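Since the structure of chain A is provided, determine the placement of chain B on it from the hints.
Quick mapping for you: the protein sequence lines, in order, are chains A and B.
Letter by letter, the first sequence follows residues 1 to 112 of the numbering used here.
Letter by letter, the second sequence follows residues 1 to 110 of the numbering used here.
The set of hints was computed from the structure by calculation and includes no laboratory data.
Distance condition first, Cα-Cα at most 16 angstroms in a straight line; then the derived EDC-like pairs of lysine to aspartate or glutamate: (1) K104(A) - D38(B); (2) K71(B) - D26(B); (3) K70(B) - D26(B); (4) K68(A) - D55(A); (5) K42(A) - D38(B); (6) K104(A) - E39(A).
If the Cβ cut is set under 10 angstroms, some of the chain A residues that face chain B in the computed set are: (7) D31; (8) Y32; (9) Q38; (10) G43; (11) Q45; (12) D49; (13) R51; (14) F89; (15) A99; (16) G103; (17) K104; (18) G105.
Some chain B residues flagged as far from chain A (calculated, every beta-carbon gap over 10 angstroms): (19) N1; (20) P8; (21) A82.
Only a predicted model underlies this, so the values are computations on that prediction, with no experimental measurement involved.
Even for Gly, the Cβ is constructed at its ideal location relative to N, Cα and C.
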Amino acid sequence: GESVGLHLPTLSVQEGDNSIINCAYSNSASDYFIWYKQESGKGPQFIIDIRSNMDKRQGQRVTVLLNKTVKHLSLQIAATQPGDSAVYFCAENKNSGYALNFGKGTSLLVTP
Amino acid sequence: NAGVTQTPKFRVLKTGQSMTLLCAQDMNHEYMYWYRQDPGMGLRLIHYSVGEGTTAKGEVPDGYNVSRLKKQNFLLGLESAAPSQTSVYFCASSWGTAQYFGPGTRLTVT
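Next comes chain A alone, as it looks inside the complex (with noise of 0.2 angstroms):
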């Protein structure tokens, strides 16, 4: 069945530096995407999301970017903070209402 993805499991940058975290999506139907942030022991956290036509979205250091030819959706993060330390998770909205495909998530560590 179609699905979202992530390209890397774990992703450690060094504080300070920019981040990027890659997402793969196989329906083409999708038309809107965000992105969460989960950390430890709490529930996602609503970051930032882009409808199908768009191609970049910027947020409070955080961009994202929406490539349809690929299906390739990335999240960039700017002078990438200790707190920014958690699982990232992509999801689509599937073509029924409302109701939201995860991926399986990035760990994103923060090293000083």
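Just chain B now, with coordinates in the frame of chain A:
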């Protein structure tokens, strides 16, 4: 605003016991969802609701039932718990596609 709250935070059940997990949201969201999250996995949708009095099955509904008697509450029931239902359960709510999550309930079935 408390956002999305879940009770209890932790629970241990014996196989065959029943329990209900409560989710409450104070954001006046129309849509509510129950997910489970297993180690190293993303979230899988159990059931969801698009409004008061309505529920629908998600990806993994077997062994669970839900009710949405009030707009702000979404209950998840396990009638006869099984060890395979050991997981962390998350509730979420939304107006549209961006879902907002509760802190989770960690359930262990022995």
